[in-house]
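Enquirer: Sequence:
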Amino acid sequence: MGRRWLLGLLSLWCCSVWSSSFLGGLGEPEKGGELQEGEEYIDPKDAAFQRQQEIIAARKRKLQPNYKETAREKKVRLRKLAMWNAVQRKGMTDVVGRSEATVDIKVNLMKPLGIEFEKFDTEPNRAWVSAILEEGSAYRNDEVERGDYLFSVNGKEVDGMPYEEAIQVLIDAEGSMELVFKRIYTVG
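Here numbering that gives the first Met the number 0 is used: the first residue of the sequence shown is 0, the next is one more, and so on.
It is worth saying that the hints were derived from the structure and are not from the lab. There may be inaccurate statements among the hints.
Stated by the list, open to error - Below, in silico cross-link-like pairs of lysine-lysine (DSBU-like), each with a Cα-Cα straight-line distance of 30 angstroms or less: (1) Lys61 - Lys79; (2) Lys105 - Lys44; (3) Lys44 - Lys110; (4) Lys110 - Lys74; (5) Lys155 - Lys79; (6) Lys61 - Lys118; (7) Lys44 - Lys61; (8) Lys105 - Lys79.
As the structure is a computational prediction, the values presented were derived from the model and not from experiment.
With the hints as extra help, turn the sequences into a complete structure.
Expert: Below, the structure written as structure tokens:
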């Protein structure tokens, strides 16, 4: 009997310590301390309403004809597009597993491009972007990323050409170049 009494007393003590550390003295949640001088109490409903108003304002800004998409917004949009394309290829009844989807990145750039290319032994007929240099037009354009690969130069497809030939097509091009890169997203 003494053991049960001791366990009961211990459990009551634990419950009172736990509840007083997370709840106020009367079982009410603590307000997070006293307000400091100059601070104002913000009602959570008002804060949620304010966030909703900011979201609506941001959506209205995006509808303006002179709105320019940020780099992060563009990245999110392209990733969603790649995922959507992957799901569309799978069909409605198939299970969508881990697959790759590519998105075209079309840019018009002038020399110097400021792009370093590399080839991989596993794919010798593809020019991969290994770095974007700050002094080139690709850096200012902010659309090409490390990990993209060169697909075409001024409408001439270079994907599938040996690395050296693809780079030579790029070197021989003059003036403003219309380049298409491919970006691979892993979906699933």
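Enquirer: Each hint needs a verdict: does it hold in this structure or not?
Expert: Against the structure, the hints come out as follows:
no.: 1; hint: Lys61 - Lys79; result: 17 angstroms, holds
no.: 2; hint: Lys105 - Lys44; result: 44 angstroms, violated
no.: 3; hint: Lys44 - Lys110; result: 54 angstroms, violated
no.: 4; hint: Lys110 - Lys74; result: 25 angstroms, holds
no.: 5; hint: Lys155 - Lys79; result: 28 angstroms, holds
no.: 6; hint: Lys61 - Lys118; result: 39 angstroms, violated
no.: 7; hint: Lys44 - Lys61; result: 26 angstroms, holds
no.: 8; hint: Lys105 - Lys79; result: 17 angstroms, holds
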